[in-house]
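K.L.:
Take the given structure of chain U and dock chain D to it, following the hints.
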Amino acid sequence: MNWTAIAAIYKFEMARFFRTLAQSFISPVISTSLYFVVFGAAIGSRIDQVEGVSYGAFIVPGLVMLSVITQAISNASFGIYFPKFIGTMYEFLSAPINFLEIVMGFVGAAATKALFIGIVILGTAALFVDLQIAHPLAMLSFLLLTCLSFSLMGFIIGIWASNFEQLQLVPLLVVTPLIFLGGAFYSISMLPPFWQTVALFNPVVYLISGFRWSFYGLADVPIFVSLLAIGGFTVICMGVIWWIFRTGWRIRA
Amino acid sequence: MTGMVEIDDVRKIYDGGFEALKGVTLTIEKGEILALLGPNGAGKTTLISTICGLVTPTGGHVRVGGHDVITDYRAARTMVGLVPQEINLEPFEKVINTVRYSRGLFGKPRDDARIEQILRRLSLWDKRNSAIRELSGGMKRRVLIAKALSHDPRVLFLDEPTAGVDVELRRDMWEIVEELRADGVTIILTTHYIEEAEAIADRIGVISGGQLLLVEEKDALMQRLGQKQLCIELQQSLSELPEALADFDLDLCDDGASLVYTYDTAAERTGIARLIAALTAEGLSVRDIQTRQKSLEDIFVDLVHNTGNKEDAA
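Heads up: the sequence lines are chains U and D, in that order. FYI, the numbering for the first sequence is -15 to 237, going by the numbering used here. FYI, the numbering for the second sequence is 32 to 345, going by the numbering used here.
Pulled out of the complex, with its shape left as it was, chain U reads as follows:
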C-alpha cells in the first residue's frame, strides 16, 4: 500500500478546502440558519410537536443529512472530475499507485469535508434548539457512514461526468429531491398510507430515519433496516468503483 501517495492526495484535496475555509464554514452556517428561520420559526410555530419533539429539534437530523449528503457528493465528484477536466489525470495513471489508493485519498478528503460541515451544522443548530443526542455512538456511526457512502457516490459521478452539466445533474435531479421527499422535514407517518408505502422505496428515508433515531429514539423504519440500507449502499458504491477501475471506464484508453 502506497500510504505516502494516499496522504499526498488527501492533503492536496484538503488544501483546496482550507484555501476557502471561510466560505466552507460560513455557507453552511447561513443556510442552516435560514432553514431554521423558514422551517423552524415560520412553519414550525404552526406545528406544535412531532411525536413529542419540538419541530425545530425534529428537523435537525434531516438538515444535517441534507448538507452532508450534498457536500459529500459535490466535493468528491468535483475532486476527481477536476483532474479529468484540466488533464492532470495522467499523473494518477502513471504513478505507482493503484485505484484503491486513489479512491482512499479522494474519498477520504471528501468525507472529511462533509463531516466538518455536518459538525458545523450541528453546532449551529444547537444555537437555535435544545439538541438531544440519545445515542451518540450511533449518531457518529451514521454520520461517518453517510459521509463515506455519498463521497463514494460522488466519486462515481465525477468519473462518469463528461462536462460540468453532468456533474450537477445527479445531485440536482435525483439526490436533492430524494432528500426532501425522504422525511428531512417531516415524519413518514404524517403521510397518507399510500405515500407511506411509496416513501419506503426512497433509500434516503432509511438514512434520515436511522439518524433521527440516534438523536431522539424516533424512527420511521426499524433501526437495523436503516443500518442495512446505508451499509448496503456503501457496498454497492464500492462495487461500482471496483468495476470502474478494473475496466478503466472513462479513465484509461
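In case anyone wonders, no lab produced these hints; they're calculated from the structure. Hints should not be assumed to be uniformly reliable.
[What the hints assert, rightly or not] Sample of chain D residues facing chain U (criterion: CB under 7 Å; computed from the structure):
| hint | residue |
| --- | --- |
| 1 | G84 |
| 2 | R105 |
| 3 | G138 |
[To be verified] Simulated pairs of lysine-lysine, DSS-like, Cα-Cα distance not exceeding 25 Å:
| hint | chain 1 | residue 1 | chain 2 | residue 2 |
| --- | --- | --- | --- | --- |
| 4 | D | K259 | D | K61 |
| 5 | D | K171 | U | K68 |
| 6 | D | K171 | U | K(-5) |
| 7 | D | K171 | D | K139 |
| 8 | D | K249 | D | K259 |
| 9 | U | K68 | D | K139 |
| 10 | U | K68 | D | K125 |
[Said to hold, decoys possible] So, partial list: chain U residues that the calculated Cβ filter (under 10 Å) puts toward chain D:
| hint | residue |
| --- | --- |
| 11 | W(-13) |
| 12 | G71 |
| 13 | A79 |
| 14 | G92 |
Model, not experiment: these values are computed from the prediction. For every residue, glycine included, the Cβ atom is placed at its ideal position computed from N, Cα and C.
P.N.:
Okay, now just chain D, sitting in the frame of chain U:
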C-alpha cells in the same frame, strides 16, 4: 545485456477500431537519448502512453528496468517520469506545492532540499510561490519537467517537450537533457523538430502509421541515408546543360551560373573526379566548389514519404 526499456511487439487498437500501434519492438539502453520522430498520428504518444500506464496495450509486453509495466507496475512506474505533450497543470496551485505533490504520488517522502535543487536547476526557484496560472507557457513547461523529475526517475519520457517554446528555452531544455544524461537518466523524447533530434539524440527512431520504420544511431543513419550535394559555381553561365554532362545527376541553378551535383556518400564511387574531368573537357571553368550534407529532415521526409507511397501501392 537487457535494455532499460524493452518494448516487445506492442499493439494497440482503440475502441473505434483504429490501430495506433502495429507491433512495435524496440530496446532502449540505459543512459541513452532516443528521439522518436514521426508525423502527426504516427503513434508516438500512444507508444509513450503505453509504456507509462496511460494506455492499456492490446498485445505485447513492455518492461522498464526489467519490470513488466502491467504485472509489476509499481516497480516499473517508480522508475519512470513523464512530461506530457499538453500543459496539464492545476492553475490555482503554487509551483512548489504541485511539484511536492508529484513526489508524494510516487511514494517518495517529502524532501524540500531535493525539490529546491530541481526548481533551481529549472530556473523556477524564484517562481516557487507563484500560482501556475500566472506563469508563461515556457515556465509552465518547466513546471511539467520539474514534476516529472520530482521523484528522481531513471527513465524520462518527454512528449514534444519544446513544442511552442522559443529558441532560447529550447536550447535550455537541451542542456537540461544533457545534464540528466550525465546523471545516467535514460531519455526518450518525441519531437516534430528534426533539429532537436539531430542536436541531442544518440539514436533516432522513425515511426509512421503505427510502425517503427527504423531505429539507428543518429550518425550512422545520416551517413547511411545521407546524400551530399556538390555546388559548382561556373565562370560563365550556361543556357542549358551540355550533352556530354547528361549522364550525371546535375541540375542547373542560379540562371545557369551554378551546377548542383547530387551524389551518395556511401557509394563506391562518388563520380566527382569524372564530373570535374568532363567539365574540363567541355571547356567550362570553375569559380568555386562547395558541398552540402543532406539534413536529417530531408532523410525523414524521404523515409515517411516512401513508406506512404509503398502502402498506397499495396
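K.L.:
Are the Cα atoms of K68 (chain U) and K139 (chain D) separated by 25 Å or less?
P.N.:
24 Å, holds
K.L.:
Less than 10 Å between beta-carbons is the criterion; does W(-13) (chain U) satisfy it with respect to chain D?
P.N.:
8 Å, holds
K.L.:
Please check whether A79 (chain U) passes as an interface residue: C-beta within 10 Å of a C-beta belonging to chain D.
P.N.:
4 Å, holds
K.L.:
Against the 25 Å threshold, does the CA-CA distance of K171 (chain D) and K(-5) (chain U) hold or violate the hint?
P.N.:
With a Cα-Cα distance of about 23 Å, the restraint between K171 (chain D) and K(-5) (chain U) holds, given a limit of 25 Å.
K.L.:
Holds or violated: R105 (chain D) as interface residue toward chain U, Cβ cutoff 7 Å?
P.N.:
4 Å, holds
K.L.:
Keeping to a limit of 25 Å between CA atoms, is the pair of K171 (chain D) and K68 (chain U) held or broken?
P.N.:
With a Cα-Cα distance of about 18 Å, the restraint between K171 (chain D) and K68 (chain U) holds, given a limit of 25 Å.
K.L.:
Has the given pair, K68 (chain U) with K125 (chain D), been kept, meaning a C-alpha gap of at most 25 Å?
P.N.:
Holds: K68 (chain U) and K125 (chain D) sit about 19 Å apart, inside 25 Å.
K.L.:
Can we keep the G92 (chain U) interface hint, with Cβ of chain D closer than 10 Å?
P.N.:
With Cβ-Cβ at 14 Å, over 10 Å, it is violated.
K.L.:
Verify the interface restraint on G138 (chain D): the C-beta must sit less than 7 Å from at least one C-beta of chain U.
P.N.:
5 Å, holds
K.L.:
Using 7 Å as the Cβ threshold, decide whether G84 (chain D) counts as touching chain U.
P.N.:
5 Å, holds
K.L.:
Once the shortest beta carbon distance from G71 (chain U) to chain D is found, is it less than 10 Å?
P.N.:
Hint on G71 (chain U): holds, closest Cβ of chain D at ~3 Å, below 10 Å.
K.L.:
Does K259 (chain D) sit within 25 Å of K249 (chain D), going by the straight-line distance between their CA atoms?
P.N.:
With a Cα-Cα distance of about 17 Å, the restraint between K249 (chain D) and K259 (chain D) holds, given a limit of 25 Å.
Going down the numbered hints, you'll see the structure goes against 4, 14, while the others check out.
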